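**Student:** Below are the chains, spelled out letter by letter.
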Amino acid sequence: MLALAWRNVLRNGRRSLITISAVALGLASLIFLWGFNDGVHNTMMRNLQQVIVGSVQIHAEGFFHHPKLVKTVPDAASVINIIKDSGIDQYAYRLRTFALAAGRETSEGLILLGIEPEMEGQTTRIDQKVDQGRFLQNNEEAACVLGETTARNLNLTLGDDVVLLTEDLYGSLAAEKLTLVGIISSGEMGIDRGLAIIPLGFMQQMTGMQGRYSEIVLQLPTDQLESTTAQLKQALAAKRASYEVLRWYDMYPMMKQWVELENAFYYIFLSIVLVIIAAGIMNTVLMSMLERMREFGVMMALGCGRVKMAGMVVAESLLLGVAGILMGSIIGLALVYYFQTAGIDLSGQMDSMARFYINPVIHTEIDGEHLWDTILAVLGATLVAAIWPSIRVARLEPVEAIHHV
Amino acid sequence: MSDTLISASGLTRYYESGEMKVAALAGVDLTIERGAYVVLAGRSGSGKTTLLNMLGGLDRPDTGSLMIAGDDVLVKSTAERAAFRLHHLGFVFQSYNLIRVLSARENVAYVLQLQGMEKKERFALADHWMAEVGLQGFENRRPDQMSGGQQQRVAVARALASNPDLVLADEPTANLDSHTGESLMALMRRLNEQQGTTFVIASHDPAVIASARTLVNMQDGQIVSVEGKDTEAVKGDTVS
Ligand SMILES: Nc1ncnc2c1ncn2[C@@H]1O[C@H](COP(=O)(O)OP(=O)(O)OP(=O)(O)O)[C@@H](O)[C@H]1O
Ligand SMILES: [Mg+2]
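Chains as they are written, first to last, in the numbering used here: chain A, 1 to 405; chain B, 406 to 645.
No lab work stands behind these hints: they were computed from the structure.
Check the hints yourself; a few may be wrong.
Which stretches of chain B does chain A cover? Using the computed rule of at least three CB atoms under 8 Å from a CB of chain A, they are [what the hints assert, rightly or not]:
1) 460 to 469
2) 505 to 519
3) 524 to 538
This structure is a prediction, so every number in the text was calculated from the model and none was measured.
A virtual CB, placed ideally from N, CA and C, is assigned to each residue, including glycine.
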């Protein structure tokens with residue numbers, strides 16, 4: 001029966017080819033658009049994680065929403081052992097508190113982040129965002145990196161003194177004078193303004209927090225994010241102290257929500273394309289049905305049952321759909337793979353706000369889930385397209401069909 | 406020795422065209438014995454096709470009863486009638502009998518395939534019937550590569566390949582020239598005699614009428630006369 005359906009598809013080869021091409025074109029453009037979309041989204045999400053936030057942060061319970069200097073990670077050494085045992089090699093610990101930075105005439109409140117330059121360099125890319133001067137070096141003492149907006153507000157240039165005022169462990173005032181060695185320009189407001197990065201050891205000494213850390217930042221491959229988080233949560237739950245293991249989107253949910261919203265729009269667009277594809281296939285199947293009314297009548301008179309007749313029409317529609325899907329997938333994936341390496345240069349169209357998250361050259365990539373959803377949806381559309389024609393065929397009266405003109 | 410294949414009585418079929426009620430069949434009683442070769446003749450509109458469709462389970466009468474091969478055709482569901490046609494009947498239509506995308510062999514084998522016969526077996530049987538209707542060597546031709554007469558022969562081969570109780574043919578020669586029509590009728594007569602298959606053929610073609618062993622004349626939806634060598638084969642309710 002499939003052979004018969006296939007021959008009928010080939011019978012009007014030109015019309016079938018046009019239909020198959022239309023399906024293929026629709027699917028190929030959907031796949032390519034997903035490739036672009038996923039490329040942008042995944043880059044955004046990766047950039048957010050890789051520049052400073054990390055994939056996962058481990059804190060003392062409640063630290064993220066109510067950060068306090070003294071609320072450090074309990075028993076940090078054994079937490080780090082757990083991390084190492086999980087096979088994670090990209091991790092860094094930091095100390096975080098609020099501070100007041102004073103320049104020549106003005107002062108500004110900011111977040112003070114103490115980091116280990118080498119460890120941080122293996123985990124995040126914040127060091128690459130330094131625009132003037134340099135990033136912190138190992139074993140450095142009173143050196144400081146500021147965001148460009150803060151530096152401008154404080155009217156500071158490289159080599160100037162920065163005075164940092166903060167509370168120490170006991171709540172008494174601690175003040176230090178540091179040298180501004182680097183200025184970061186990242187395109188992200190939260191970094192360019194209100195952030196000072198200083199050596200971890202220096203900060204621990206300044207605040208009396210030797211050997212203590214506020215956060216441990218982990219960098220994970222996307223496909224391991226969920227499993228590793230669950231694994232760490234489980235391991236830490238066994239300990240006496242309580243911790244929070246937060247994924248990047250637990251901390252900054254906006255971007256994930258934005259990506260999901262955009263994907264939802266894509267699915268709406270997808271359904272519009274599907275309606276067009278289904279209409280095209282249905283039109284082809286109906287036309288070839290009308291041409292064959294007498295033949296259908298003869299087949300039914302000879303004793304072919306209605307279910308079989310309907311099945312034949314469904315098979316023809318499916319063949320058109322599957323051929324289109326094969327062709328469309330090949331073209332679409334070829335485009336995605338080509339632009340994955342070649343990239344699409346959008347540097348002309350990009351403003352500085354987007355610069356932090358979106359790279360000027362978009363490399364397409366496609367999420368398996370989106371690819372399968374799209375292919376299955378097109379397959380579903382071809383089946384939907386077959387419903388009406390197959391019902392019509394099943395309802396044919398052989399005598400009327402034979403005398404159909 | 407009588408062996409009844411078809412017994413119909415009181416068959417009526419009305420068509421409504423506007424206010425008018427047209428009786429395509431106005432009470433037909435008919436008995437046909439196995440092995441008969443019956444031609445339904447009569448002017449256009451006399452009800453030949455309507456009666457033939459009735460016998461073929463393609464149409465239902467408004468009143469009357471119809472038994473074929475001991476089966477009450479009228480109580481069957483649509484699916485049961487399709488299965489009945491598949492296993493008991495063969496059809497030859499006026500034209501466009503064949504499935505365009507199938508070769509002659511595949512067309513003959515189509516009914517056998519629907520019956521569930523294995524490919525090798527059904528192709529062998531199809532080839533046998535192709536030879537039987539004089540079309541050896543044409544097995545791989547597509548319908549559009551054959552003449553009208555050849556196509557009708559393929560249809561005859563298909564009708565007989567499933568070894569049916571009854572072959573129904575509606576105007577089988579209508580699209581053929583008279584010579585081709587005559588030889589098609591000669592073929593059907595020969596198969597009737599050789600195989601003993603019952604034929605009922607509707608036509609007003611003189612060549613078909615001439616081939617009849619039994620001739621049933623129809624007029625205004627009724628049987629007006631039954632004539633021929635084999636009159637006992639058919640008992641029609643003649644109207645004076
Ligand atoms: N589908 C239909 N709708 C309305 N009237 C019909 C229909 N089919 C047949 N009739 C009418 O029923 C009558 C018998 O028609 P039928 O086709 O059986 O005649 P016929 O003897 O086969 O004629 P012909 O030699 O032209 O094929 C005619 O009056 C015809 O107009
Ligand atoms: Mg007729």
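**Student:** Given as covered by chain A, does the segment 460 to 469 of chain B meet the bar of three residues or more with CB within less than 8 Å?
**Tutor:** It holds: at least three residues are needed, and the segment 460 to 469 of chain B offers 3 whose Cβ sits within less than 8 Å of chain A.
**Student:** Taking beta carbons only, do three or more residues of the segment 524 to 538 of chain B come closer than 8 Å to chain A?
**Tutor:** Violated, because only 0 residues of the segment 524 to 538 of chain B bring their Cβ atoms closer than 8 Å to Cβ atoms of chain A.
**Student:** Has the segment 505 to 519 of chain B got at least three residues whose CB is nearer than 8 Å to a CB belonging to chain A?
**Tutor:** That given contact holds, which follows from 6 residues of the segment 505 to 519 of chain B lying within Cβ reach (below 8 Å) of chain A.
The structure does not agree with numbered hint 3 stated previously, though it agrees with all others.
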